[in-house]
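In the order they appear, the protein sequences are chains Y and G. Take 47 as the starting number for the first sequence in this note's numbering and just add one per residue. Take -13 as the starting number for the second sequence in this note's numbering and just add one per residue.
Derived by calculation from the structure, the hints in this document are not laboratory data. Possibly wrong hints are sitting among the right ones.
[Unchecked claim] Partial list, computed: chain Y residues near chain G (C-beta under 8 Å):
(1) G251
(2) R309
(3) K415
The structure displayed is predicted, hence computed values, not measured ones. Glycine is no exception: its CB is placed at the ideal position from the N, C-alpha and C atoms.
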Amino acid sequence: MKPSLSRRDFLKTGSALVISFSLAPELAFGQAKPAALPGSLGNNRMLDSWLRVDADGSVTLFTGKIELGQGIGTALIQIAADELDVDLKRIRIVHGDTALTPNEGQTAGSQSVENSGTAVRFACAEARDILVNAAAAKLGVAASALSVSDGTCTAGGKSIAYWDLAADANLKREASAKIKPKPASEHKWVGKNVLRRDIPKKMTGGAAYVQDVRLPGMVFGRVVRPPSPGAQLVSFDEAAVKRMPGVIAVVRDGDFLGVAAEREEQAIRARELLKKSAQWKESASLPPSGDALFEHLMTKAKSVDSVVSEKTSATAAAPAKTLNATYTRPFQVHGSIGPSCAVAQWREGKLTVWTHSQGVFPLRGDLAKVFATDPANVRCIHAEGAGCYGHNGADDVALDAALVARATGGRPVKLQWMRDDEFQWEPYGSAMAMKLSGGLDAQGNVVNWTHEVWSHPHNNRPGAPDGVNLLASWHLEKPSKAPTPADPPLPTGGGERNSIPLYDFPNQKVVKHFLPEMTMRTSALRTLGGYSNVFALESFIDELALAAGADPVEFRIRHLKDPRAKAVIEAAAQRAGWQPNAKGDGSHGRGVAFSKYKNLACYVAVVADVEIDRASGKVRVTRAVAAVDAGQIVNPDGVVNQIEGGIIQSASWTLLEAVRYDRTRVTTRSWADYPIIHFGDVPQVEVVLLDRPEERFLGVGEGSQGPAAAAIANAIAHATGKRLRALPFAPERVKQALA
Amino acid sequence: MADFTLRVNGTTRKVSSVAPDTPLLYVLRNDLELNGPKFGCGLAQCGACTVLIDGKSARSCSVPVSAAAKGAITTLEGLGTIDKLHPLQRAFIEEQACQCGYCSNGMIMAAKALLASNPRPSEQQIKQALNDHLCRCASHNRIVRAVQRAAKEMA
């Protein structure tokens, strides 16, 4: 992978309709707030920050959202091709580059199609209108008389193409969003299975990842992390390491230790020797494990409490029967197959970083703070990494590479974490506890419901206003301040995500216990709190259904008003061949669960079948059926791929995964300490799509994990009569429960 | 430090001044600029670095270059190119058998070794052959379908 051009060079490469990059117009002091624009157009208001049309017959899209294997690039191209009336092959796309693309913050929360897709749709619809009007003026015909095919505008035997209108059409203007995008019936590409653009190079050894970036004079870096959080570096044998073959620099700044060498294996060996010789002062800073962890979180940890939702009814009956249950989820990792990696280069006080960060602009801001420089002196260019599933080490490694690159005399440094760096230092998905209580009236209807959730923060990403969220910055001689821990606010929420039931209960109270003092470093892992809250909520609904003597599908439908919610549950049950009131046989069972992700994105219902080996306690999910309503679907196979992957990944989280640690150190260091699902245990997955082409896009990347977990828990209870409430359902725990 | 002559993808490649115990992976990626094999764990646990040595699947993160020099090495690049895809590569594209694709190299190379010894594997046999290859995006079922599709095409 060769370095990309600067925007200026980039714009020189063709005679473009857009002659310079425009940022949103500065708002004059006292001026009224600008009109709301749809999606990410709101914060990136110029048309030419989204697309340009070149004289060579190509169209380039610019998006702040990055490709992380979810297929967003291809989906955006489909949307643009439809609005512009050009063929897919003419369109290329530039993702996340602080010198080239709009700032769309983080690529997270399953919002790329919603935010970037909506912006691209409106920007391209408006660009088409501008281009067609320019063509009409040029040809002396009415714009309404023109038909457009692959960028060529034709009327009455005369025609002109978009690419011949460079002097006549100006996209350097603020979007109005007044041009209505096409109705679904006129879409040629949206709604079709278009093969993803990023896949062929990945299957043939093309340069596809940040790991494949190679620059002239590049050297290799490795970082030597402390053995435990909070450990202080007392001494190390710098001279011995400097004598090793190929070693160029040993970088020590406070408790940060890194090395650069001519060859990668030399950097790795130097890291090993540094690890061996380094003396650290450690402290027992980690929380207790097992049940004691949750007791700590629920009773001892400092808690900021808030009522998330409260509803009371004067007319509802008093409960005839009340149930209480507490569910838990341990710390879990992102576990990217490729450890985090970055390439950094300093030239004349300016830093360029190739990174798989999910947010190149926030990363740039944090790097600028660490190096006390203007953000204009830092350029972050996205290059894909291995799938991240949230905030992994991507941002942290960018700072590591930049720190080591300060010592290599301008030579670029490629620095990749080793496997144990990733396991021990990536931010984890928070351990959580969910305490639920529910009351049934004499007819077996839920009349009151409470859900309390205890969680550390889920959003400690770069870009916070009051500090730096980069690991190494806290280890430096002059450490940066870690920002005040934060969760995204409602309606999406962090720890409380999906804690408000979509069911219609007359009395309901949801309380969030936010635990800002992290016992482990935590941040965004796919779904944030959604996975755990849906696991708890949808497990508890089944417990109540059982207590009411009701069928789990009927019980859910009975308590729902939203027709789209009912529709996915019914569709999943139908495809799975749900038998109302069927009984498990001790080893085989079936469960259902549902959620509307974030209570505002896609609707997903999952029916899971499990098979339990009672002797070993091993649970296998044999089949999972999902029904999905994601509003209008851009790329159906892309949606199916996300849902399948989400269900299988969730099965892995749910059945196997927990970070191991003692009071001082994280002891999870390799895949041997952190088993994940293997081919032999992967369920068959079937996905039913309920396409609603006239509805808005709803993101799907995180829609299936919560329902999958609860469906598995419900299936185990259905099979065995034992309710498991503590994740993961690892063999030892299941065996014990069944004993 | 020593010089080695490697047989990679049907051609002879010389690498100089490399420690004999250097894992093959770094020589392939950095000296020969091959992107197929990936660093995943360095412990032969995940399979991202898989290559074929004399047709057998090998974890290049754990094979010293001095040992690898004795055999014929095939990497993902040796199977086919974008213009002339190997049936396995074509099948992985047609089945959209990845999300991030970081593990795909190992999946394709292990499948290549499998199909060489068992041209018509059952679903179970495919899963067994790939069982020690980790995929975190959870594209497992698509990967199995892609191998079945390629087997059919190659039959």
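*Looking at the structure, which of the earlier hints fail to hold?*
Going through the list in order, the structure violates hint 3 alone and respects the others.
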